[in-house]
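Participant: Listed below are the residues making up each chain.
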Amino acid sequence: MLDSVVRSDALSTRTAYPEIGDYAVIGDCRTAALISRAGSLDWLCLPHFSGTSVFAALLDPQRGGRFAIGTNQEFQASRRYLPGTPVLETTFRTASGMARLIDLMPIEEDAGRLAPMREVLRVLEGVEGEVILDVRFEPRPDYAREKVRIRSRGALGWSCSWRDELCLLTSDARLDPAPDGTAVIGRVRVRAGERLRFSLAYTKGDVAVIPPLGEHAQERLHRTIEWWRRWTAQCTYEGAYREAVQRSAITLKLMTFALSGAVVAAPTASLPEAIGAGRNWDYRYCWLRDATLTMRAFTGLGYQNEAASFLQWLLHATRLTWPKLQVMYDVYGRTNLKEEELGHLSGYRGSRPVRIGNGAHAQVQMDIYGEVVSAAYHFVRNGGRLQPDEAKLLVGFGEIVCKHWRAPDHGIWEVRGDKRQYTFSKVMCWSALDSLIRLQEHGGITIDADKYRQERDGIAQAIETRGFNEALGSYTSEFDGDCLDAALLLMGCLGYKDPGHPRMRTTFERIHERLGCDGLLYRYKRGLDGVDSPEGAFGICSFWAVDNLAKRGDLTAAIETFEHILSFANDVGLYAEEIDVPTGAALGNFPQAFTHIGLINAAIALAEAETGSGR
Amino acid sequence: MTSAGLPPFWSMMIWGLAATVAMTTVLQGAQGLGLSRLSLPFLAGTFFTGDRRRAVIVGFVFYVIGGWLFAFLYFVMFASLGLYTWWLGAAAGLLHGVFLLVCGLPLLPYLHPRMASEYDGASAIRQLEPPGFMGLNYGHRTPLTTLAGQAVYGAVLGGLPQMAMA
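Top to bottom, those sequences are chains A and B. Just so we're aligned: 463 in the working numbering is position 463 of the first sequence, and the numbers increase by one with no gaps anywhere. Just so we're aligned: 36 in the working numbering is position 36 of the second sequence, and the numbers increase by one with no gaps anywhere.
Source of the hints: derived by calculation from the structure; they are not laboratory data. A quick note: this is a predicted structure, and the numbers were derived from the prediction, not measured. Ideal Cβ positions, reconstructed from N, Cα and C, are used throughout, including at glycine. Any given hint could be a false lead.
[Claimed, not checked] Taking beta-carbon pairs under 7 Å as the criterion, some of the chain B residues facing chain A (in silico):
1. F42
2. R52
3. R53
4. E118
5. G121
6. E129
7. G139
[What the hints assert, rightly or not] Where chain A lies over chain B, by a calculated footprint (3+ residues, C-beta under 8 Å):
8. 21-27
9. 81-87
10. 103-117
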């Protein structure tokens, strides 16, 4: 736990932006909320990750809406997740006492039970002395575009309804309407041993269920803790970094949409990759780019059910576009993710425009065929079974690769503009065909193996002749180019080339020379993507370096690098997409599944290198 | 027509079922289209069980049978007036709908074993949101969708015999 002093004015002003790393995430595997160190719930989309926001103070403290429970006095805040869970505990210490705020989104195992569609439960406990806290419930539905109507429902609390959606706040604290009628506020005094509960229940298109408070709320808290601890106990990782790996696994599970098995890249939209620049994207979707590494993380930790659900989602979602693949899909596999700018929101620290939807969905990325097929191969290699129709879908992807691997694309980083001959895309095309050949050897599918071997070898030959710059001594971002790309480290992680091979060793060195800074890695040289603004070091790239080092036997260097990257997590173990190198601050959408996946896979590679069980 | 002025029994059965299906389609359609959160089958089902999945199934069965049986009251009314027309049916349906909205739904928290009330709050058993006056808690279009459903129900009950007699 990290203590930090927060001044009262930081809470009371509605123009203050906490650091991105000041947030922690809670969730129920359907959606997630971000809560600041000061106890303000500043981001929540309903009914799922890609739904519209009800609280978005994260992107506009004045208009976005929040559900804050915090003290107006000067205080020290410390926080932690309850072990083995994403249940957040924030402790406020003031001159007059100490209070603890427990935040969670309850999970009910019994699907038939009468329960709200989604619930955020906040339990405030007095620990010492007496603490006065201010409550502000300020919903602003549909990214603050809906008119707010808050009504008292008597003993049932306060309702905010729009279209066919309803948020109902119940509490055993006394609350009152704000003078303008668009918020509910209250000042509560909590003494040692006292407990107050706040439940936000959400319903769409149905008769609402109002969760009871009191001991029933405590039971929901305990059931949720138990559920998470049972899930966490299934983790098979036994290496030296259990706590970090467990936190990453929980975070990854939080971003797994329980109703489909999809894994979203992050629960947030438009948190900037550079403050004040235009690098603000919506990450509440599922990128196929992440598929292989996500599957490796699930199978590597022993989460076979999650792996099976994820593969089923991959193959189900992509049926709509089969045999072609789209760069990203939403949690249900829908493909129309039109990008839109929300001009009425000021953006995080003025980082406009605020974007929802993602224009990159229309790009062409050849690497994603390799991602999906390799994910299926990892699933089978770890004991999973493919259904005949699933095998047929995979063969269809193989045929697309055979036909189109020579064509240019937009590459793994979705560079907007002309298509190019990205070396990494070719590597993943190679991986797609190699995985299909191996799957046939496993007996799961039927392909024309000779044709696939010929095409695979042709891709490898093209990579080795045009994707490797002899003068530079490195693989390059594009064919016949001289720029570097940290994604090339994945050639070693994904089995294209032994990380100990001389070409991989020199590529590793060149990447660190040109893209490294303070032990971290940028993904490519500034300006390569046509956006003339800086960005942070890319979290997962540094973990790929660890993976390479571990796989080639440089264990000491791997451990040093890994522990250095661990030092950039926030106080509750979460990572954003990027890290601001000068300050170490988190940048970009938060928390980022890709970074946590990198941590898990690097930790597994380290453990395998230590025990000599590398595969 | 029978000696009491009622249509043949089997005709009343078929027309009653058709009217119930039409009304249920309007009400569930309104819910699906986001016009109202009211689900009468769900409310009916939760009278009998606290299991959401079972409640939906039980509620549908109960609701369809209830609508079917209620049709006989409409036929008795038509017979008593000696008039079988779609507009009389629709008017009766509207009146029925107004009664349901103004008297029936607000009474539910006192009758329904699983419905919370705005006076007592929610408990372990009583967790369902009460509908409020005219069902407005379930969305401001709830009165309109309910009246539309009831009007269609009555219009079908009056209109089918009208067509048969034409």
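Participant: Next, verify each hint and record whether it holds.
Facilitator: Okay, the hints, checked on the actual structure:
1. F42: holds (6 Å)
2. R52: holds (5 Å)
3. R53: This hint holds: B/R53 lies near chain A, its Cβ roughly 5 Å from the closest one there, short of 7 Å.
4. E118: holds (3 Å)
5. G121: This interface hint holds because 4 Å falls under the 7 Å limit.
6. E129: Holds: closest Cβ of chain A sits about 4 Å from B/E129, inside 7 Å.
7. G139: Because about 6 Å separates B/G139 from the closest Cβ in chain A, which is inside the 7 Å limit, the hint holds.
8. 21-27: Coverage by chain A is violated for the stretch 21-27 of chain B (0 residues, Cβ < 8 Å).
9. 81-87: violated (count 0)
10. 103-117: holds (count 3)
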